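Residue strings, one per chain:
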Amino acid sequence: MQIRNHKDFNAGLLFLFFGIASTVSSRSYSIGTAAKMGPGYFPFALGLMLVLLGLVISLRSLSKGREVRKKALIKVRPVFFVLSSVVLFGLLLLPFGLILSTILLILISSMASEEFKMRVAILNALVLLIIVLIIFVYFLQFQIPVLPAFLSGRT
Amino acid sequence: MELLSNLALGFQTVISLQNLLYCFLGALIGTLIGVLPGIGPVQTIAILLPTTFALPPVSALIMLAGIYYGAQYGGSTTSILVNVPGEASSVVTCLDGYQMALQGRAGAALTISALGSFFAGCFATVLLAVLAVPLSELAFKFGPAEYFSLMVFGLIGSIVFASGSPIKAIGMIVLGLLLGVVGTDITSGTQRFSFGIPELADGIGFVPLAMGLFGISEIIKSLERKEKREILKTKIFGFWLKKKDLKEVAPAVARGTLTGSFLGILPGGGGILSSFVSYMLEKKISRNPETFGKGNICGVASPESANNAGAQTSFIPLLTLGIPTNVVMAMMAGAMMIHGIQPGPRVISSNPELFWGVITSMWVGNLMLVILNLPLIGIWVKLLTVPYRVLYPAILLFCCIGIYSVNNNIFDIWLTAILGFLGYLFVKLECEPAPLILGFVLGPMMEENLRRGMLLSRGDPSIFITRPLSLAFLLMAFAMLVVIAVPAIRRKREEAFHEEEEKK
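Protein chains in written order, with the working numbering: chain C, 99 to 253; chain B, 28 to 531.
For reference, chain C alone in the conformation it holds in the complex (with noise of 0.2 Å):
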């Protein structure tokens, strides 16, 4: 036996993770009957639907049959870059304040490209800082902390 599809491999089974995940946890809420259902009832119906499309597409991707497919190939830098970018902006708003926050997004973000330029990812910061603030928080007004919470006095 061998893995033709990776990708429908892969696919299959990760459907089936979020299946058997949703079938074993909607069991502990009730399921009911069918002309009463419970909280758990339709997720219950649902996980089994997955698990089941799960492996028929995992299988199927063992069959001789089917088109040989590669793994996909993931570059670890944009995900890395860009992902991160958004957690830490996630983490620094509160505490920071939206200037200091929007400057490190642009220029974290900015790596993920293989062009990566610090001057132009710097212009690029400040540019956008600007329209950010006349936009966001002076026309529509957000609420949203602007400058870092040891120097607007917010606990």
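Do not rely on the hints blindly, as some may be mistaken.
[Claimed, not checked] Think about it this way: if two alpha-carbon atoms lie no more than 25 Å apart in a straight line, the pair counts; the simulated PhoX-like pairs of lysine-lysine are: (1) K455/B to K168/C; (2) K169/C to K248/B; (3) K269/B to K321/B.
[As the list claims (entries may be wrong)] Stretch-level coverage of chain B by chain C, calculated; a stretch enters the list once three of its residues show a Cβ under 8 Å from a Cβ in chain C: (4) 213-225; (5) 233-247; (6) 370-378; (7) 413-420; (8) 444-452.
No wet-lab data here; the hints were simulated from the structure. Every value quoted in this text rests on a predicted model; they were computed, and no experiment measured them. Built from N, CA and C at the ideal position, the CB exists for glycine as well.
We have chain C already, so just place chain B on it with the hints.
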């Protein structure tokens, strides 16, 4: 005439200074993101959803609708001038549009795509107005069984025309339905899958899900590819069409409009599908099909009319039945729910000024677009010189600020990052995220109707097949499943999408 008085009410709503402004803003933003490859109406609407909070619901929906059809106008500009589709729905426009541009007929191509879109937009607006009342009256006859079956039909329909493996698309739908379950169960008050996280008590937010799956994962995906853009250096002139061209093109525009209007109503339809089908149709019936792909003007006119018609008629099932049939409509449904309006047949009677206002705004918006588009071509072309590496950090920033401001909640930002990673995995595993979003939006409604239906029938599932309308929907859904399972059709379908992939 009831229709006329309804449209008059709509015009009254649109003509207010504020709504005209938001209609214009929507159309303008739509054109802008339509022109730019790498950002489409789905991401834009996701980003702008939070900013529409402060607006009255009518203005918000008018603006968001404007973004969708505006993008259909803008997308063609990039296709014709750069040979890169600005929007997925203008992929086929590259084929003949760019060739026309190379032959020095860029002006004519741009004019016909704007005029074709305008004609299609007018037709689709009228169609929407005519069909709305009878359809929503029909929907009032629906019981829970009919609604449940209609949703099954809609969800299955959405995978027929999606690219990629149908069985994986079904998996994505089920996963979407499951994600929709997260949060407090309305009937029993039980917390489901919230893992003790208080922020999940209200369920996974629509905005973080949409931004994660379509905003962030799209950015990562685009960064993996090298960008190459060559903008046509020649001056664009000759916007006026010759009489001969007009004669040739008029029937193509009409055909494209009809095809697009019809396909837009179907589940899974909308701008993308419409443009493909109408291009193939045009090539089939043309007397000289060999000129297609070499700058045939009908190859631009027909799909450009079709995508705009399809974009607008896809509002019909949402506004009358409450069923979103494609991702953008799921976004619109999300926007309506954020404003406390449940999409469905009741909207037309409970919020008539909203309903007719949005419909007439489409006509007004189309008029603005046709006036706006051609004189501003120069600016759009300049815009194309903005490289993606400057653009995507901006998209990311607007995403983050938008997500936070929905609930003033940091948790949503982290949730978006997680969902963004999940979305990236889906892309890598060749699972389309669109069916997942549809499942997510329909999930809670589906569960409720299933429960109510089974309660009414005292646990007898035959209620879904003994009621004629419900049976009809289920049979149609089954027929669609059979159709995609037939090998010959499946191959044809894969070929069609293969062409699309290559163009991208």
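- So which of those numbered hints doesn't the model satisfy? 6
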